[in-house]
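Q: Each chain, written out:
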Amino acid sequence: MLQIPDVALAPMLPILIVLAGAIASTLLGFSLPRRALTVINLVMLLLSGVSMVTLWSGPGEAPLTAFGGSLQADNAALLLGLTILVGSAMTLLVSLDTAYRARVSFPEFDAMLMYSVTGTLLIAFSGDLITMLIGLEIMSLASYVLATLQDSRRAEESGLKYFLLGAVGSAILIYGIALVYGGAGSLNYAAIAAQTATLTPGNVGILIGGAVLLLAGFGFKVALAPFHQWTPDVYTGAPTSVSLFLSTVVKVAAFAGMLRVFSGALAAAPGWASTLQILIAATLIIGNAAALFQPNFKRMLAYSAVAHTGFLAMGLLGTPEVGGAALGYYLLIYTLMTAAALAVVAALQRSEEGMTINDLRGLYHRHPAYAAALAVCLASLAGLPPFAGFFGKYLVFQAAFQNGYVWLSVLAALASVAALVYYLRPAMLMFMPDRTPAREYPYGERTPTTFTVALGVVGVTVLGILPNLWYGWVAVPGVWGALAGR
Amino acid sequence: MIHLMIFLPLLGSLLLFAVPPRWREEVAGFFAALTLGIGLLIWRDGGSELFSIPWVPALGITYSVALDGVSLTLALVTAFMSLVAVLYAARRVSNPGTMLALVLAMETGLIGIFAARDLVLFYVFFEDALLPALLMLAIYGKPNRMRALVKFAAYTLFGSLLMLLSIIGVKYYGGSPTFALADLVQNPVTGPAQTWLYLGFLAAMAVKLPLWPMHAWLPDFHEQNHDSGVPDVMGTLYKVGGYGIFRFGLTLFPDASEQLRPILMGLAAFTALYAAWIAFRQTEWKRLLAYAGLSHMGFVGLGVFSLNETATIGAMYLLAFQNVYTGALFLSVGMLQERIGSLHTRVGGVMTQAGALGGLSMALWFASIAVPGLAGFIGEFSVLLGAFQVQPWITAVATLSAIAAAAYALTAFQTTFWQGRPLGAVRAWDVRGTEWLVLGLPLAVAVFFGVYSEPALNLIQPAVRGVLATLGGQ
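Which chain is which? The protein sequence lines are A and B, in order. Taking our numbering, the leading residue of the first sequence gets 1, the next gets one more, and so forth. Taking our numbering, the leading residue of the second sequence gets 1, the next gets one more, and so forth.
Hints are not guaranteed to be accurate.
Which chain B residues face chain A? A few, computed with CB under 10 Å, are given here [as the list claims (entries may be wrong)]:
1. LEU59
2. PHE125
3. MET146
4. LEU149
5. ILE168
6. ARG281
7. VAL371
8. PRO372
Please keep in mind that the hints were generated in silico from the structure rather than gathered at the bench. These numbers come from a predicted model, not from an experiment. Ideal Cβ positions, reconstructed from N, Cα and C, are used throughout, including at glycine.
With the rest of the complex left out, here is chain B (with noise of 0.2 Å):
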């Protein structure tokens, strides 16, 4: 079962060069749904176990993967975002066979990044979502792509060679049979070598996560990218730093992360201000979007590496559902760009033409700026509660962001949907068939989630107890 949740995607994907153009749609969106209905599935089944078997017995190499708690909970959320992509894609980009093989070659990568528990089958299924990211960027991309390209390829792997050398320290020197979680756990690293390692494991997650000044690939990766936003909605999903230094970091390296603790929760809370900062600033929607989601990633750092339990489950809560709105809200500019050939922010009036898309974007904004009642505000405020217990004038730097995130995201709402339309502007046509769909979905579960939390909590709760028992307690 849950291997079939990790690989039909990528079947799907490689099944749509085989049938014809015109089947692809169905076909893609048949593997997506599919995907989603079995992780839907193991939901109901209570997770998946752990499941081992030795992939390169001779360097230790396992293919342990394993779907519970924190982990299925971001697993669900890429298929459902995946599958929202999909159903965008298939109506929005001309010819859109390769985008959606890509999309469903990158789903079973991230769902990979999050079933995996083995270190070296961890850095395989990360390095394997690049692939996809980067085509896409490559073959929809705006004219100065290779420019973004380059500096997220450069970026990523400058991080995740890092990792890799981490990876092989942490076998090596801790003296760990296999690169399985639960034996590396058994054989741990100790001493100023976990502290090095820890800053090697570090490089790669602060640059996915992202966290200042690892971050400058972002802006310029999401402007490149096609319009219709769908490959930003891959990209949203790419933000698997805090996953990762919450499933491997503080479990392999728990001294190093409490030590380290206060200068990475500083740097967290700088990257969050920083960017809310810059949000303001900027007149493009895509950047604007770019930036808020650093922003939200600088929360969800602050949360991880506050070793707090409340802080740690508003930051994995934080980080599944930002995909949903964060995503949602790049397909509504996607949407916004179909209408009025511009990413602009000072457009104006689009509202009066288009009321459900003006209406849903703000919904959406509402949960992103973490309005109560919506997804945002449970991971927000459980983050700063949390972290305030640990540091509580880093916490104070951080909360100032949310101020910050009202202001950015009120203001370039304004300035599109509302103030007057221009003369002679082109009528926007207003949400029509599937674009209900591709919007309302992600809405209802950011409301959903905002008012029942209980289900997601129930799945993040245990886990996030289960790895800061390691670490002695809070």
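So that you can see chain A by itself, here it is in the shape it has in the complex (with noise of 0.2 Å):
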């Protein structure tokens, strides 16, 4: 008897909004501006965003779902989805100043943009593992176009780097989800979780094998180290408002997706964490190592992000209810000061090979107000308080702590003191007096993109002195608990 597909369009709101501007950027591009797509967008990223508060599932209540569990509108769907909307958001608004000296200048920017949000979201949502990874191709393949979109050799060589090496990832991954399949016997998150909690020991190793080749597959992603090489190279080659959307809306993606996996689906199963922590040192010993010899600016910042990783992934340590809760605030908070200072170097910069780290030494003598978002930017990534970046690091702390991954804390905090040194220079050099002509763009302050670091700026202050405000929506208890759902 035909059986007629769990088609629901609500849970699917949320992804459709920003389907739409991505198909209306594709065709209107022939008659409209590029701005005009871009307000276009940035209304659909608020439509969507609207959708998803109105999902919002109150206590007690089941989430909806779409293909029988295939895609589902929970909670922690949501508020990943609103943290990716936010990064989102933010890079529009940059590439509103910044796309056309860049060279992105076309409406094809901006469709890719949004299928690549599009397949963000989809990670976010995703409930099976086969959702999770179209989500991700679709994002991984829109990501690559706009690495490579400028007509230029470095973006081109970087692009192809992205591409070959996300290629393997994606490899990866989808070898590790058939290992996966065949030692669980589904790809549904629910039943993995179920199937793991009791296991076979016949299944073990292949499930082991396939956790692991997943962690692979999503390293590559996230930039965890070893695998983490692509993204100095592509941070710094690709267009700074592409680098911004990388390194904030992808990796938040690929760490929801982290979260659907490793503490959803497969939280029972052995031999991932183990894995992972060395991952995680390894990372945090060399993006924090590299990054204290980087003299290009831009380069440190992806360097910095790498770091943040290891960081990030800590949470992914913890148990899901603590350490999702500690990635779901620091995700949120990590776009928020990441993409406000790379929004400054986009505005600033007089090439998009970024700005050398003592072009900034007497920033604040000439540019007063970015200069000092700037710096509340870096204070908050090396973990400062009162801004939010502390309470980000010391959630993720806590969370790996809290469940026994006692020396790795101890390593962390000792990382954090070298990033602290490499976020300090800059931070200091921008308020030093300076006598040499200024090395920036004398023209980069623009309305969008101020308001963008504002966001950021505000979002980091207010988010670090009331971290309840965000921390009480993401901490609610059975929000994380469900990521493989029920």
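Assembling the complex is the task here: the two chains are given apart, and the hints tell you how they should meet.
A: Put into structure tokens, the structure is as follows:
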């Protein structure tokens, strides 16, 4: 008998709205100027956010699902989705000012960006490994194009590198999915979780293999060492607004996927956590050590993004309730501060190669507001209170510490000290007096970029002083316990 | 009231950017004076009770503050020295708006440190005091400040991040519902975990105290700071390690404190002697003062680590008033630099032209080297008296540094203020205008509390007894 597929539009609505924006950009690009498309897309992102808020399920309410649980709009998905939307909106706002200078100002840019966002949301809303994979591939393919879109050798090189390594990552990931399917007999998160809770000895090996391969595949996407090598080159080679997108939205989405898979489906599976802690340790050491020696500020921020991957991934080592809440908070903060810092770079750089750290000397005397904002972002990235980065770090430290990873927490604390040194140098240079001519683009201060920067700075300050405004939402009991669905 | 005292300076600091540059000095002075006034009102009312509301309920972080006893003493000293620093900076630093804002912002952090009765809140204020200190160094420092800055920040954060882990650990292993001190004391951590957590906590405090071998940032920090000495005053106030150990270390880790007592006392005594020895070799006033301060902090450490009532009272007394006279000495060095353009200790003959400056500096130095009748004496004497009962040999070593102090202070003073004025040297003018207040007020405080220690002891003594009572008595 023919079965009608379980298609429910309501839980898909946030994704569909974004997809509509992408399609509109593709089609209307022939007749409308790019700025108009960007504005349309911003509105779409806003509408998508509104639809997410309406989908919020109160205590005791079952979340809406579609395709028999393959797509689920539970609260975890909504919280991560909102974070993704914030990052995407910040990218679009910055691109309003800088896309023209970066020579990526055509409708395809917006279209690709929105397709990518569609993919990221699909990951966050995924209910089984296939949905997750489809989302990941949509996101990745669109990002490859974004990284290559600029007509320059550097962008092409970095885009190609991104594509090749990303493809390898995807292949490993798919292989891992196959093995997990072999081990657990299902692709659905809830079913995998149920299966791993009562493991039969025969399948354990396959399952562990699958979990570790999945970890490696995700490692490529979030830039966990030793799979991080593409990151600095791509983030530096791509136009800065694209780097902003890649280092925030794409990373948030990949972490959303990791949360679903590791804290949800494979939470009870053996093997991956001990591997992950080694990867985190390597990431913390390599990312922070490499960032110490970067003369280029944009490249330093790229390595800082790698280092932050290490901190963020510590959240996965906590129990889903504590670790998920920590990650849910940290990801938003990470998005706000990284996006704001890169927005300042995008506005003030003379070429897409970014600016050297020495170029920042005396910035406070030339662009006081941008300099102060950048200093706040760097302080937050370094984890200094009262900025929200402090609570982000605090939460993931706590999550890992309470789950028994004491030595990793100590290592992370030591790595933070190295991080402080490289965040501090540019932050302090900006306030020093300077008699040399300015080396930044003089007309970079424009309203949308300034708005983005202000959003980031206000965000990290307010959420740092009153963390409960966001943490109160992400820490609702039960949100992260049900990552795999019921 | 108490919240007003904590956050008023920060408010003033933010307001400074809004008022026209002409009025900045007056506004900053007004806010600093108002804060001190509120502090005195709190003192008159006998301190401020514990105030506690949840801050991040999901994490058990509370906003708990209280100002009484030791905290109130230190907060009052902070408010007082901030006012002095503002008075001096307004006159001495050209275009002082940013500097004044930073002084006020730092004052909030420092008073917050003393008021906090919640570990995470303490950590937050602890780090908040760091940012203005870094910015002062970055904006007003000397050419080699970048190295000093990175060193300072790296040391400080190295310690505080380990402390953060300890903070997480204390709550987790003790099973306390919140980070409020009262709750943590109810749910103590026991066994070896306590020792490890104490070591993590100590890492931060040893940097701030500072204790050998975590002191290396201190001389560079002072040397590279602005000539006026205003940032140094704030830096002097920043040595809150002794207070942190007293307030949180002893109450939360009583067994570990007793266990580690000989080692820590030895370290503190060594710090005192070693710093005094190095100070003797210094030819730059700021480095000399930095090492002198380090030596005093060794005494503070000796007192606190000894877990003896007399010694701990002495340590807190010393901590409070060391801020006053060392801070004033930094300002007097700043005045010296303004007059003769150098910080070298061998200028010679300044006394003949600037008698009042020499006299005031000498009196402050007497306070610093613990001449009886001045505030330094009561502190150092109590520390030695108490510590002697616990560890006579270690204390005997530390006592040597009191002699060394007289040696380095008087030698440097002699070569700068006495001897012959070199031919062709610029004429040094004497103390004038507000400078009288800037040096005179701290000196008056040092004399007053050196002769009549009752009011301060009344505040410190019960608090120390309360803390030490949790250790099972001495």
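Q: Given VAL371/B was flagged as interface, is its beta-carbon under 10 Å from a beta-carbon of chain A?
A: 40 Å, violated
Q: For the restraint on PRO372/B, tell me whether the closest CB of chain A is nearer than 10 Å.
A: 43 Å, violated
Q: So, as I understand it, the hint says ARG281/B touches chain A; can you test that by seeing if any CB pair is closer than 10 Å?
A: 30 Å, violated
Q: Answer holds if the nearest beta-carbon of chain A is closer than 10 Å to that of LEU59/B; otherwise answer violated.
A: Result: holds, 7 Å to nearest chain A Cβ.
Q: Tell me if MET146/B is really an interface residue toward chain A, meaning its C-beta lies closer than 10 Å to one of theirs.
A: Status holds, d = 7 Å.
Q: Restraint: PHE125/B near chain A, CB-CB cut 10 Å. Satisfied or not?
A: Hint holds; PHE125/B Cβ to chain A Cβ min 8 Å, cut 10 Å.
Q: May I ask you to test the interface hint for ILE168/B with respect to chain A, counting a Cβ-Cβ separation under 10 Å as satisfied?
A: 5 Å, holds
Q: Please verify that hint: LEU149/B, Cβ, nearest Cβ of chain A, below 10 Å or not.
A: 6 Å, holds
The structure fails hints 6, 7, 8 (numbered hints given earlier, in ascending order).
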